[in-house]
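Please put together the full structure from these sequences, using the hints given.
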Amino acid sequence: MASLKVPVTSVDHIQGSAHAPITLVEYGDYECPHCGLAYPIIKRVQNHFGERLRFVFRNFPLKEIHPNAEAAAESAEFAALNERFWEMHDGIFENQEAIGLPLLFELAENLGLPAPNLRAALASQEFGPRVRDDFRGGVRSGVNGTPTFFINGQRHDGPFELEDLVEAIENIARLP
Amino acid sequence: MSQILNSGKPAPDFTLQVTPDQKLSLSELRGRPVILAFYPADWSPVCGDQMALYNEILSEFQKHNAELLGISVDGPWCHAAFAKDRHLHFPLLADFEPKGEVAKKYGAYRAGDGFCERALFVIDKKGMISWSYCSPVGINPGAEGILQALEELPK
Chain A
1 MASLKVPVTS VDHIQGSAHA PITLVEYGDY ECPHCGLAYP IIKRVQNHFG
51 ERLRFVFRNF PLKEIHPNAE AAAESAEFAA LNERFWEMHD GIFENQEAIG
101 LPLLFELAEN LGLPAPNLRA ALASQEFGPR VRDDFRGGVR SGVNGTPTFF
151 INGQRHDGPF ELEDLVEAIE NIARLP
Chain B
1001 MSQILNSGKP APDFTLQVTP DQKLSLSELR GRPVILAFYP ADWSPVCGDQ
1051 MALYNEILSE FQKHNAELLG ISVDGPWCHA AFAKDRHLHF PLLADFEPKG
1101 EVAKKYGAYR AGDGFCERAL FVIDKKGMIS WSYCSPVGIN PGAEGILQAL
1151 EELPK
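If you read the sequences in order, they're chains A and B.
All residue numbers for the first sequence refer to our numbering, where the first residue is 1 and numbers rise by one.
All residue numbers for the second sequence refer to our numbering, where the first residue is 1001 and numbers rise by one.
In case anyone wonders, no lab produced these hints; they're calculated from the structure.
No residue lacks a Cβ here, since even glycine has one placed at the ideal position from N, Cα and C.
Among the clues, some could well be false.
Stated by the list, open to error - A few chain B residues facing chain A, derived, Cβ under 7 Å:
(1) Asn-1055
(2) Glu-1056
(3) Ile-1057
(4) Ser-1059
(5) Ala-1083
(6) Lys-1084
(7) Glu-1101
(8) Gly-1142
(9) Ala-1143
Said to hold, decoys possible - Calculated lysine-lysine pairs in the DSBU-like style (CA-CA distance at most 35 Å, straight line):
(10) B:Lys-1063 <-> A:Lys-5
(11) B:Lys-1084 <-> A:Lys-5
(12) B:Lys-1155 <-> B:Lys-1104
This is the structure:
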């Protein structure tokens, strides 16, 4: 069974309490349609478990098949530097059908982050190393496609509908 | 699941079509590590399937000077179309005629289904199998095992 080799730390993008008994990590690609399908499901999983769950998102852009995935990942990291990671993350997934530089710039502006700054960050690949570190760590942990989920460090193989994830989480975390 | 060849055995040589008009023999690659990735079929319906994943991490394999070869029973024209569609930057070999012959030599053929297992082999520069792994056919084995095997090769 594949397991998470890179522990969750303060460097990660985390929603929820550090004391939550369940940690759900997603390796995802902003242009992957399966990740787009998973996006609202994760929100429902978070609602279901409430404060018992923390959610972590890491980048796994498949650049060769998704030409906008890297720019989207770097844009979310750019927003993170300004404490707006989750707004950017949600904005991209909620508008996934329009993914591309115009959308990324518009989302940045809507968050009060100047588009020219984002353009410069993308041009210089300022956040490229961060995205690559996520990707490499994912490969070492047995990420084999997107999305890949880890529940308390253990890879979740199989479908990821709400009931699948809830059941898997309850099994792994031994929740009542 | 088939019984695939284990580490410590010589890797059976083969010559297969790599494009509609070119062939490649395993022995041509002697002197550097080779990763053989048998997989069931081109055109699997998911993003980030096994070949797409390996395509993204070719540079990690190349750090070990390793050559990656994908092998399935699909024909060379099918491989060419698949590789073009997915922007694959490594060769796909066609174990097409006689069908599955090379996969059978490696113990990686599913006779009832008529396609290959998801079987991985890392072959050292002398042509010996240094690591092998067969994944359940529905589960993409990822790349972690390959990278670890490459790291453990004698320099």
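Structure-based check of each hint:
1. Asn-1055: holds, 5 Å
2. Glu-1056: holds, 6 Å
3. Ile-1057: holds, 6 Å
4. Ser-1059: violated, 10 Å
5. Ala-1083: violated, 11 Å
6. Lys-1084: Status violated, d = 12 Å.
7. Glu-1101: Violated, because the Cβ-Cβ distance from B:Glu-1101 to chain A comes to roughly 28 Å (cut-off 7 Å).
8. Gly-1142: It holds, given that the least Cβ distance between B:Gly-1142 and chain A is near 4 Å, below 7 Å.
9. Ala-1143: holds, 5 Å
10. B:Lys-1063 <-> A:Lys-5: holds, 21 Å
11. B:Lys-1084 <-> A:Lys-5: holds, 33 Å
12. B:Lys-1155 <-> B:Lys-1104: Measuring from Cα to Cα gives roughly 30 Å; hence the hint holds.
Hints 4, 5, 6 and 7 from the list above are not met by this structure, while the remaining hints are.
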